[in-house]
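With these hints in hand, go ahead and build the complete structure from the sequences.
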Amino acid sequence: MTAPIATSQTILVVGGGISGMTAALEAAECGRDVVLVERSPTLGGRTALLYRYFPKMCHPTCGLEINLRRLKANRRVRVLTMTEVAGITGRRGDYQATLKIRPRYVNETCTACGDCSAAVSAEIPNPYNYGLDKIKAAHLPHVMAYPQRYLLDPSIIGTADADQAKAACKVGAIDLEMQEETVQLAVGAVLWATGWRPYDAAKIQPYGYGRFPNVITSVEFERLADPSGPTGGKLLRPSDGKEAKNIAFIQCAGSRDENHLRHCSRICCMATLKQTQYVREALGDTAQSTVYYIDIRSIDRLEDFYQMVQRDATVKFVKSKVARIAQADNGDPILHGVDTEGYHRYATAHDLVVLAIGMEPESNAIALPQDVITDSSGFIEGSPDGGMCGAGSASSPLDVNRSVQSATGAALRAIKVIYQTASEEA
Amino acid sequence: MHALRTTGHQTIPAVAARYRNNFLKEVEAHVEDGEWVKMCMQCGVCAGSCPLGAHWEHPPQELFMMIRAGKRAEVLTSDAMWMCTSCYNCVVRCPRKLPITQIMHGIASYAQELGLAPEVQPTRDFSIQFWKNCTKTGRVNEMKLTVGLYFKDGLVAGIKQVMNMLPVALGLMKAGRLNPFELLRGHSPKDQKGIAAMLKRARAIEAQRAPVTH
Chain Z
1 MTAPIATSQT ILVVGGGISG MTAALEAAEC GRDVVLVERS PTLGGRTALL YRYFPKMCHP
61 TCGLEINLRR LKANRRVRVL TMTEVAGITG RRGDYQATLK IRPRYVNETC TACGDCSAAV
121 SAEIPNPYNY GLDKIKAAHL PHVMAYPQRY LLDPSIIGTA DADQAKAACK VGAIDLEMQE
181 ETVQLAVGAV LWATGWRPYD AAKIQPYGYG RFPNVITSVE FERLADPSGP TGGKLLRPSD
241 GKEAKNIAFI QCAGSRDENH LRHCSRICCM ATLKQTQYVR EALGDTAQST VYYIDIRSID
301 RLEDFYQMVQ RDATVKFVKS KVARIAQADN GDPILHGVDT EGYHRYATAH DLVVLAIGME
361 PESNAIALPQ DVITDSSGFI EGSPDGGMCG AGSASSPLDV NRSVQSATGA ALRAIKVIYQ
421 TASEEA
Chain F
1001 MHALRTTGHQ TIPAVAARYR NNFLKEVEAH VEDGEWVKMC MQCGVCAGSC PLGAHWEHPP
1061 QELFMMIRAG KRAEVLTSDA MWMCTSCYNC VVRCPRKLPI TQIMHGIASY AQELGLAPEV
1121 QPTRDFSIQF WKNCTKTGRV NEMKLTVGLY FKDGLVAGIK QVMNMLPVAL GLMKAGRLNP
1181 FELLRGHSPK DQKGIAAMLK RARAIEAQRA PVTH
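Listed in order, the protein sequences are those of chains Z and F.
In terms of the numbering used here, the first sequence is residues 1 to 426.
In terms of the numbering used here, the second sequence is residues 1001 to 1214.
Keep in mind that the hints were calculated from the coordinates and are not lab data.
In this text, a Cβ means the ideal position worked out from N, Cα and C, and glycines have one as well.
Any given hint might turn out to be false.
In silico BS3-like pairs for lysine-lysine, Cα to Cα no more than 25 Å straight-line [to be verified]: (1) Z:203 with F:1097; (2) Z:319 with F:1038; (3) Z:319 with F:1071; (4) Z:319 with F:1097.
Distance windows between CB atoms, simulated [unchecked claim]: (5) Z:346 with F:1085: 54 to 64 Å; (6) Z:259 with F:1052: 18 to 28 Å; (7) F:1028 with Z:58: 44 to 54 Å; (8) F:1152 with Z:299: 51 to 61 Å; (9) Z:259 with F:1199: 30 to 40 Å; (10) F:1112 with Z:373: 42 to 52 Å; (11) Z:367 with F:1085: 42 to 52 Å; (12) Z:299 with F:1097: 38 to 48 Å; (13) F:1035 with Z:259: 16 to 26 Å; (14) Z:259 with F:1021: 22 to 32 Å.
Pulled from the structure, derived: some chain Z residues nowhere near chain F, Cβ distances all over 12 Å [what the hints assert, rightly or not]: (15) 39; (16) 57; (17) 62; (18) 114; (19) 115; (20) 158; (21) 182; (22) 259; (23) 261; (24) 294; (25) 341; (26) 384.
Below you can see the structure in the form of structure tokens.
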């Protein structure tokens, strides 16, 4: 491929989730040149893996579709998927970025017909369903994937599967000789929209995630509820495939805890309230949701949604942080604890437990440039000279709505940097 | 204007008094690690994690709330904090890292200091015996301590206990871990006078501390 042309007037946006797309588009629609890099094979990030949004319960595909249309209509954004930032040197207005582009083994002539996928037999754990099921090693990430282009997993390169995929492709889009590329880019400002990742639930030892199959995380529950998820939208529990009717939600799983994440992840209360409505949607009046909480933080207008759920007879609230989970012989998780309203000791069995897992900044797992300042939890504030800043949930635990607001604000800061650089050069 | 200026200590009506957190302030001033009590966010993990929790009158979470609610008599005469076995399960799990075990012992020893601790409480009995035993010479005399505990409920009960534990005692003697002659005199540390002087000084420092006011 040809290296993108970038100058000190270009804005580099790292991360192609809802925040990165928004920041890139806002800047581009103001007439700035943007390079948008994304590590995975598709844009959309974690937003594309949600079933519905709160509070309006609409589908993320809607918001993504609008952004993708804006993207296709704009010539100033250059999108690079399967690309990681290996390093950034320099200062405000004058950065040198090193990008590593992993081979996709499928070029831009791909028509997304799916013949390669049918020809391949190897399967890999599906990263877009948090590993809950398998996906063919030649695949399109998901229905909303952008670009709409297949890819071959590196694990099948050099095997007969890869040759079969190549033979099956009618348009000759498969190129097994693709190599990793390194690209140097000059940019004026950098926006870190690297987003978040669910905290490692296995570290919360008393909850038994990883030991008890019927203890799952809230992001996995999103996939269970989604018709394009591993169960076709049915709420089937992992241990025996039985339909889960009596579901417990544990709040602050990893958040507000000095032993895990010290911050409040902000989204989990609303995510759980939303997910109780998935249970109602699937099971009607026979649904039973129990929310175990310290306190419910549904801020601003989202309080209305909380009050709506409080009126729902299928949802029960227990003011208590669950102390530990045990497992019954039939696979039911049993929740042990003491409630704060009367100090009653309980041991309650449920079909399925959903941990409202906390948000950890994804950037905790990547090497940021030296001069990027982060807070005590690792969320990105930016560089002291203002040439780099965080956007969306990379900068603070935010829901989709507030991530978009944050990204728009960050875009303005980047535009300011470019504007000032341009006037200094003039 | 006049009315505003006279809003002093005396004019606060009785109904407002219970909002003044006097007992919390007392705990902060006199209980070891008491300043942590206000940090509790009432999540309940300590109560649910306590292996003896079901046998407590009030779990730690409830005790902290009672302190904040000013329930002085109920807290200090309670048997709850004496039930703590120092397993530290609550301390390692507390999301706010409160030193819960230490606070439990702090409240217990404060109640003992004030003479409010429950009369019949095995942990308290043991603590008193242990303290007397080890401060006498500066070393714990295990023979005297165990025998003292066995016979605390009378001669018959004591003999029964001794007979029950005899195989264990013989095993320990065989292994050289228990010396029956300790019952007669017992050994003492090299500098017994030094330890006595240290304890005397510690008591003097304690006596200088601000007296309890409430």
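Now for the hints, and whether the structure bears them out:
no. : hint                          : result
1   : Z:203 with F:1097             : 17 Å, holds
2   : Z:319 with F:1038             : 19 Å, holds
3   : Z:319 with F:1071             : 22 Å, holds
4   : Z:319 with F:1097             : 20 Å, holds
5   : Z:346 with F:1085: 54 to 64 Å : 23 Å, violated
6   : Z:259 with F:1052: 18 to 28 Å : 22 Å, holds
7   : F:1028 with Z:58: 44 to 54 Å  : 50 Å, holds
8   : F:1152 with Z:299: 51 to 61 Å : 58 Å, holds
9   : Z:259 with F:1199: 30 to 40 Å : 38 Å, holds
10  : F:1112 with Z:373: 42 to 52 Å : 50 Å, holds
11  : Z:367 with F:1085: 42 to 52 Å : 46 Å, holds
12  : Z:299 with F:1097: 38 to 48 Å : 26 Å, violated
13  : F:1035 with Z:259: 16 to 26 Å : 21 Å, holds
14  : Z:259 with F:1021: 22 to 32 Å : 28 Å, holds
15  : 39                            : 32 Å, holds
16  : 57                            : 29 Å, holds
17  : 62                            : 37 Å, holds
18  : 114                           : 48 Å, holds
19  : 115                           : 53 Å, holds
20  : 158                           : 48 Å, holds
21  : 182                           : 44 Å, holds
22  : 259                           : 7 Å, violated
23  : 261                           : 10 Å, violated
24  : 294                           : 5 Å, violated
25  : 341                           : 10 Å, violated
26  : 384                           : 32 Å, holds
The structure fails to meet hints 5, 12, 22, 23, 24 and 25 from the earlier list, while all remaining hints are met.
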